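The listed protein sequences derive, respectively, from chains Y and Z. Quick note on this note's numbering: the first sequence kicks off at 423 and runs consecutively. Quick note on this note's numbering: the second sequence kicks off at 16 and runs consecutively.
Hints are computed from structural coordinates only; laboratory data are not their basis. Note that this is a predicted model, so its numbers are computed, not measured. For each residue, glycine too, the CB sits at the ideal point set by N, CA and C. Do not rely on the hints blindly, as some may be mistaken.
[Claimed, not checked] Computed footprint of chain Y on chain Z; a stretch qualifies when at least three of its residues, placed anywhere within it, have a C-beta under 8 Å from a C-beta of chain Y:
1) 23-34
2) 42-56
3) 117-126
[As the list claims (entries may be wrong)] Estimated spans, in silico, between C-beta atoms of each pair:
4) Z/Gln129 <-> Y/Ser661: 55 to 65 Å
5) Z/Glu123 <-> Y/Gly651: 52 to 62 Å
6) Z/Thr26 <-> Y/Pro653: 25 to 35 Å
[Claimed, not checked] Just a few of them, taken from the derived set where beta-carbon distance is under 8 Å, the chain Z residues facing chain Y:
7) Ser60
8) His63
9) Gly64
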Amino acid sequence: MKIAVLSGKGGTGKTTVAVNLATVLACRYVDCDVEAPNGFLFLQPTVESKQDVLLQVPEIDHALCTRCQECVNHCQFNALLGAGSRINLFEKLCHSCGLCTLVCRFEAIKEKPRVIGYLEYGKRGQQECWRGVLTPGEPMGVPIIDALKDKLADGWSMLDAPPGSSCSVVATAIDTDFAILVTEPTPFGVHDLDMATQVIKKLGVPGAIVINRSVGDDRLIEDYAATNGIPVIGRLPFSLGAAQAIARGELLVQLPKWRARFEELGNRVRELVG
Amino acid sequence: MKVLVTSQGPTVDALADERFGRAAYFVIFDGQSAEPKIMKNPGFSSDHGAGVVASQSVAEEQVDVVITGHLGPNAVNSLQAAGITAYRLPSQSTVKAAFDAFAAGELELLLAKQS
């Protein structure tokens, strides 16, 4: 059972919901927000292992290369430049598809691995925690997320998605069993909630909404939920105490009132996903 | 010598385009012919690596000098690999006015040719 926590908008409380819900459900936490993974700040697992994530990029043997341009013309990502005295690779544009190696008739291209980030695994008591970390300056998070998801054993996993509705969000949400859409009752919140909703609808993943920072009037979100047939399964109040606890790096479930709220939310999730 | 100006439109009277990789058109002046060659920039609609694909096309046209507003890091590396020099556009200039300013030696060097 894989549950993805999405929001569309950044800063709505994805990580807050994901770490606290994973804790009350006693399930695995997986930080797929590889550009800014911050779930470990709250869970503080003891890290047991770390491994690099590699991407295969072409290496051109200029002694064998005839500069025929076949590789340049086939590259869909414009990662190869054929101008000048030799073929030049722009490795950050390379999506590691391997087509250049296949089309080279002179066997002048070999693949070599390039490190773009790493995975970390640790435990907080019995709770398993994973995260992917993309090296700053690297443009593509998807290979890290794919590598992370390959590591997950059976059992429940809570996948903390990146914000937005980009490739990294799709890579996180695809092949999950359920999505929790965290939002806030503002026009920004509902606008970006709609983008996240469209992603999960396209992927065929069922979902439910959690309203964070509720101040009592949540009609913006309730109307959207009713129109789109998505249940609202939780409401978390706008709270100075919660903000202060988060600023101290604490889990909200350490506060009794919040523990009760997340346990109730956990029960709703269990009912919905069986 | 071939001199290319990045352009927002397909005429010499169009405003020059500050962007290189994402410029709409390339206007290429050739000392050998009176009429400039006008072509679409393949980088304009490219999903990835606009600076690289624009440079590739500029190199295929055997251009010596590019006149544009800004160059991104991939464009800088690509134009350097292709041995092309770049000069900075005057602000709010038409393509023709930019070319004339270059011919008069009035433009600032943006990227020196790598030997």
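ask   = Should the hint that histidine 63 of chain Z touches chain Y count as held when the rule is a Cβ pair under 8 Å?
value = With Cβ-Cβ at 4 Å, under 8 Å, it holds.
task = Look at the Cβ atoms of glutamate 123 of chain Z and glycine 651 of chain Y and judge whether their distance stays inside 52 to 62 Å.
result = Holds, at about 59 Å.
request  = Go through the hint on serine 60 of chain Z and say holds or violated, using the shortest Cβ distance to chain Y against 8 Å.
outcome  = violated, 12 Å
query = Honestly, do threonine 26 of chain Z and proline 653 of chain Y meet the 25 to 35 Å range at C-beta?
reply = violated, 57 Å
key: Coverage of the segment 117-126 of chain Z by chain Y, judged on three or more residues with CB within 8 Å   = violated (count 0)
request  = Please verify that hint: glycine 64 of chain Z, Cβ, nearest Cβ of chain Y, below 8 Å or not.
outcome  = holds, 3 Å
query = At a Cβ distance under 8 Å, does chain Y reach at least three residues of the segment 42-56 of chain Z?
reply = violated (count 0)
query = Does the hinted range 55 to 65 Å hold for glutamine 129 of chain Z and serine 661 of chain Y at CB?
reply = Taking Cβ atoms as reference, glutamine 129 of chain Z and serine 661 of chain Y lie about 59 Å apart, which means the hint holds.
query = How does the coverage statement for the segment 23-34 of chain Z fare against chain Y, requiring three or more residues with Cβ below 8 Å from a Cβ of that chain?
reply = Not satisfied, violated; 0 residues make the cut.
The structure is inconsistent with the numbered hints 1, 2, 3, 6 and 7, although it conforms to all the rest.
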